[in-house]
Amino acid sequence: MAEMQNSNPTILNAADLPTRLRPTTTRKSEYGGIFTSALPLAPVDFESPPSSDSEDDNLLEEPIDEQEIYDLISSISDPEHPISLGELAVVSLPDIMIKPTLPDVPDSPLQTVTVLITPTITHCSLATVIGLGVRVRLEQSLPSRFRMDVRIKEGTHSTGDEVNKQLADKERVAAALENGALMGVIAKMMETCH
Amino acid sequence: MSPNVTITHLSDLTPPSQERTWLTAPHPTLPIVATCSSDKTIRVYSLTNFTLLSTITGGHKRSVRTAAWKPHMSGESVLATGSFDATVGIWRRWDNYGREDGAGMGMTNDNNQTPTDTSDADSADREEDEEEWRFAVLLDGHDSEVKSVSWSASGMLLATCSRDKSIWIWEDLDDGDNNFETVAVMQEHSGDVKCVSWHPSEECLASGSYDDTIRLWREDLDDWGQVACIKGHGGTVWFLDWEGDDAEKWNGPISDSNSESELSALQAQWRSQRALSGPRLISCSDDRTVRVWRRQPKESQQMGAFSSATTGIPSIIRPTGTDEAWEEDAVLPHAHELPVYAVAWSKRTGLVASTGADGRIAIYEERFVTPEKEEKQDDADAMDTASSDVLRTEWVLVGIQDGAHGIYEINHVAWAKRADRGSGGEEEVLVSTADDGSVKVWTVTR
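Chain order of the listed sequences is L and D. So for the first sequence, the numbering used here puts the first residue at 3; every next one is plus one. So for the second sequence, the numbering used here puts the first residue at -13; every next one is plus one.
Watch out, some of these pointers could steer you wrong.
[Unchecked claim] Not everything, but these chain D residues come out facing chain L in the computed CB check (under 10 Å):
1) Ser24
2) Gly127
3) Asp129
4) Ser130
5) Glu188
6) Trp224
7) Leu324
8) Asp344
9) Gly345
10) Ile393
11) Tyr394
12) Asp421
Hints were generated in silico from the structure; no laboratory data involved. Using N, Cα and C, we set each Cβ at its ideal position, and we do this for glycine too.
The following block holds chain L by itself, in its conformation from the complex (with noise of 0.2 Å):
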């Protein structure tokens, strides 16, 4: 990436942003410094709780939620800064929605995740990677009773429609995750999910 697209990016505070995850991470970088006399001497690893196991296997029995999707892929950076998606705003809360995919089927467990993404300008070729990133953080962390359907936000780019098709297109998707030069851009932008 010789030359940013964007070299100016609004940003919004990760502190205002929708967590589930925020209580763990706010609490030691914000208020750590007030309560820790409070606190008991004993360290408390918020890392990694100890029943950390237990919690994923009950996380897999819950249903899953759009905030939990917004909790996968606002921590993936942006390719060109380092900042993540849902501090660039390029993904939202409000552009999450979960829907059974055969609504005629009332038994069946088939969800259609749609994630709308608002790149930050409207040329971005980045774009079709920001996209392909969450399409592949998605998969790779949702059970395969779902299914991914990532789109460009109507009116907020100028190859929407291109970049849509691309995206949807389950051959070229399982071609790109063999790509090793684009995995490794996927790979990088991951970095920072936790």
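With chain L held as given, fit chain D onto it using these hints.
Below, chain D alone, put in the same frame as chain L:
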């Protein structure tokens, strides 16, 4: 809709691949299939006992996306495979599966031996060298992922297509040295070419693309060129199949309310009409639809061309008038909520099967619309497939299997001749191939 076929799970092919499987190609004569996997291998399974016979490895560096058996081979099987590594592999093997493992590989179904009866370490060792899959040649030419391969009816020509937007036609020189000659490279598509499929008897190729079109290609005075471009789908055309060409096997649409004499009259009329336009083409798409296309009969088309110069091309340039007019014959009843990845038109029964990302298998049947029935339906039914004032057909959704591979997407479906012990001759099975690596065999009974 009142479903009136029963889709019954017969068996899985075991052991399955641990990764996504894309397509399963039934052998034209032997009861074996080849399954293409993302694990870079091709698995050859028996349809007699549903177990793995061979795994072809070492040829492709990325996912194997597609495979096709060369027709009219005897004593030896030839398989073409296409991969995301941009190459096409040609593999050969002497036909001896039946003899070695007693699984009854001939097309007769009277072999009552169980698969494990005669296979032993000795025979396995013996077949190691001379009787396994031999890598014959790698066809190099495409710039990116190969999506589909297809052999012409004669087996002389192999068509391959790729994300590089091109279609290549190769001639198998059959010189004993595995030489293939590039006959043509067609680059008219403006997007990935997702599928290629040869006409069941003529040297006419159909292709479907990311550019949402279906194109037809023929050779005209030594040059391969586009003879039709069908626009109709509102999304990527994922798969194509042709109607059977063999009138002996299938008498056309069924009719449930006609007397026998009426029926045979209708069939005779319908068959003569079909003979004029030739086999129809069926396509499935990202737009969730399955559509049938029919070529305008040559006679009327040529008359039209002479009278009104509808092609707009001066006759001096194309004296033979190879351009063909294709029209939409039918949109099949809505059955899929997500992209439709595969469609298969049975050459034996005329039934159509489709499948896709919604994990559903749908079965359709074409029926004559009788005059009385038409009055009742009046203008309400858009499924009617009129191409004649006299004779109409409609497609009916006759069976649905939801969650055929559980929660997984299904990438391919194909009809194959049934060959297991419980079968009685001319029955067919449906073979479906899914994202979790599973391949399932189904019976479809009326």
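How the hints compare with the structure:
1. Ser24: Status holds, d = 7 Å.
2. Gly127: violated (18 Å)
3. Asp129: Violated, because the Cβ-Cβ distance from aspartate 129 (chain D) to chain L comes to roughly 13 Å (cut-off 10 Å).
4. Ser130: Since chain L brings a Cβ to about 8 Å from serine 130 (chain D), closer than 10 Å, the hint holds.
5. Glu188: violated (29 Å)
6. Trp224: holds (9 Å)
7. Leu324: Constraint on leucine 324 (chain D) satisfied, holds at 6 Å.
8. Asp344: holds (6 Å)
9. Gly345: holds (7 Å)
10. Ile393: holds (4 Å)
11. Tyr394: At 6 Å from the nearest chain L Cβ, tyrosine 394 (chain D) passes the 10 Å test, so the hint holds.
12. Asp421: For aspartate 421 (chain D), the interface hint holds, since the closest Cβ of chain L sits about 7 Å away, which is under 10 Å.
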